[in-house]
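S.K.: Spelled out, the chains give:
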Amino acid sequence: MNKIDDISGTEYKYVGSRPVRPDGLDKVTGKAQFGADLYAPGMLFAKILRSPHAHARILSIDTGKAEALDGVKAVLTSTDLQPGEGADDLEDDMDHVLENVMARGKALYDGHAVAAVAATSASIARKALKLIDVEYEVLPHVTDIEKAIAPDAPVIREDMYTQDMDPKPDKPSNIARRMEIGHGDIEAGFEKADFIFERRFRTEAAHQGYIEPHACLADYRSDGHAEIWCCTQGHFMVRSACAALLGMELSKLRVTASEIGGGFGGKTTVFIEPVALALSRKCGRPVKLVMDRDEVFRASGPTPSSVVDVKIGANKDGVITAGFAELWFQGGAFPGSVIDLGTMCAFACYDLENVKAIGWDVVVNRPKSAAYRAPGAPMAAFAVESGLDDLAERIGIDPVDFRLKNAAEEGSTAAFGPKFRRIGLKETLEAAKASDHYNSPLGPNQGRGIACGFWFNFGGTTSASIKIELDGTAMVTVGTPDIGGSRASMCLMAAETLGIPYENVRCVIADTSLLPYSATTEGSRTTHSSGMATVYASENAIKVMCGRAAKIWGIPEDAVDWKDGHARPSGANAGEFEPMSLADIAKKAHETGGAIAGHCEFEAGKVGQSFGTHIADAEIDPETGFTKIVRYTVIQDAGRAIHPSYVEGQYQGGAVQGIGWALNEEYIYGEDGRLQNAGFLDYRMPVCSDVPMIETEIVEVPNAGHPFGVRGVGETPIVPPLGAIGNALSHAIGTRMDTIPMSPPRVLEAVSGG
Amino acid sequence: MSKIHVNATVNGDAVEYLCEPDESLLDSLRDRLGLTGSKEGCGTGDCGACSVVLDGRLVCSCLVLGAEADGRAIETIEGLADGDELHPLQQKFLEHAALQCGICTPGFLVAAKALLDKNPDPDETEIRYWLAGNLCRCTGYDKIVRAVMDTAEEMRR
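Just so you know, the sequences run in chain order H and R.
According to this note's numbering, the residues represented by the first sequence are 1 to 754, in order.
According to this note's numbering, the residues represented by the second sequence are 1 to 157, in order.
Derived lysine-lysine pairs resembling BS3-like cross-links, with alpha carbons at most 25 Å apart:
no. : chain 1 : residue 1 : chain 2 : residue 2
1   : H       : Lys-106   : H       : Lys-282
2   : R       : Lys-3     : H       : Lys-130
3   : H       : Lys-127   : R       : Lys-3
4   : H       : Lys-587   : H       : Lys-467
Honestly, the hints are just simulated from the structure, not real lab data.
Keep in mind that this is a model prediction, so the values were computed, not measured.
The following block holds chain H by itself, in its conformation from the complex:
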């Protein structure tokens, strides 16, 4: 393992440069093939019938008339989707995934899939949906957290007793689980506080808002083999899920990840793939299934909504003496919201002597929540960062200094247990303090807010291969779908390791039949984990090439070194030979032992935790409550930016998603439990004219666990915005904002003292 001192400040030839990405040309010419872009001979079009009720027992489904319609080839209900003999073996929450993919007995939310049709055209499939008769018994519903945990709430799952409670509850409720983390004695800590902040915060659910709806093409062959083409963040995950839900052997299912039109966590599970595959199995034809946008909103996986109570104490010197948070997240009608992650992230930025956080996992009649960029962290950070802002003001200390005084650093014990290794939070705060933005004046009706954010970063099972072609170029294959430029990063790391030009390396995402298992593109793990696998695979190819050079020279393998793309004798004792380039060795491969390749299959660890600090300037129109972000800066530790343009892109994209969530985006449910804004017109994501340029500063405190020092960067950028903008707005209007989104009506209410 590299030590930080070994890689800090190292200058690289390719790593850190900004070349054009290998998949770029296809994406600017319209040639890139996304989920909905594949067509197969004899292909059918599928559509899904969805529940119009938030909560209803399904008494009967009559598919007869639909099946009789000309052009309809298969109609599917949950009885066709049986895991078979492996049913008892469904791991993790696959039983919930099965239930979410198609309602079994009860529709649990507005939009829950009830049946599906495959027909020779999309219009016939749509007509057939209208011919399916579903008899519902409508049940009382609840879509709001606080109502769901009230004693008189309708219980959604009659068999669900809150887990990890002592004593065990004697009746079912809508609370799936309780969790608690922390250390020290918070009561003693609050005793020592000169100032205490205490308040309840709420955030509404947001959607990832990827522009590409879920899409797949499934083809089940008569011999039991099948193929799926789909847009996903993890095609190995799709294979596991579909095989489990349909009772298939893994090796009989080949899944290819198409180009993916955004995911942000929302494509880390399955919704339509098992349905398309089961339809294809039923009628023996390829089946294409593409969600409409309203289905994406109603029936994919938005974030939880949240309620967070926070209490923070600090003394007059600006030291936080205790932090406490209690969080309730609803994960839709299924247990397993990201309450764990949110609870763990709440105080992660701070080195606290006394800290405690309690999390409650709540179910309501909404779609099953999925990951969204640092899942759970933004809601928790909103509450804590707002509290810190209030305390700094009352103590009379600069909010950056207050955070610096309490910031986590190497050796700090995180509230969730472990000690941090070398991290860069303080560096981002110092950079914020020194920035032009932080020291610039504000205009009328403007306020400035600061907030910090943390994300763990994941590792996990990862595979990569690299083959050295006869002409001296190299081809990397990885198993993590490229969601924002990771193929460019893989090529840069391989080029750096091999010592050949970036242009001579290509990278493709291998399908599930071509590479061993690779975990999903999630958790900011791709550049870290697939990057490490690519480097190690390249090093293994180098070992092979050194062996070939040794054979040609007739010297022992260990007498050959690799430097700058050439095999060289390791010293005078090894003998006098002209260095051989990678191309020279590659050319002779067939005479020296066959094709040359390197592989790596491993469990990636040693992730570099990621921290950032944001500065937001908000301007409020006191008459309308409309808020405009007039200046915004993201400062984040990337460890090492492999391709700085795409690192900046992550910072900017995450910040703007955060701006949207902070100011506008929300799931709005009616009294009838139905989603009222299932489209881009009413679910208002930021457009180009809503936002300013997003200033970025890449701090580089290398992660010693990665050959080039990489920390994943994708998720942290969405953690601080809710807090930073909340703080900016609160300063602009002189009232603490506590509800997300801070839409014009809410701001007006706050301004008027409502």
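Start from chain H and add chain R according to the hints.
M.R.: For chain R alone, coordinates are given in the frame of chain H:
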């Protein structure tokens, strides 16, 4: 219901296709002509991923019927480059890393070209408002706006 016979030009080439009366131009382009560069992000004219130019006017092809294209000229992302030579916008999008996932990119390029055809010297605000009909969820728009400004400057030289 019988299909409708349409004659049109796409990127200068004569095309003909049969479409359903209620079929969008986007579906005709994708399903009938195999031109999948135009994307469906919403089907309701809110995201701009399906942007094409119809008789010189920028439209969402999901809001136009395939049958309405009869006798008209359609320009799509597939016609933006001149053979192997990329349009300066395409080149600048690559250089500025103005795309991440790339699903919105065809729509942005078609819309940005329509802007530069009308106004070769747009300021940042004009670019931002012109492109407000195109949603991008990955980039936060920063690098897209810079790429368009840089292209305009280069094309004016």
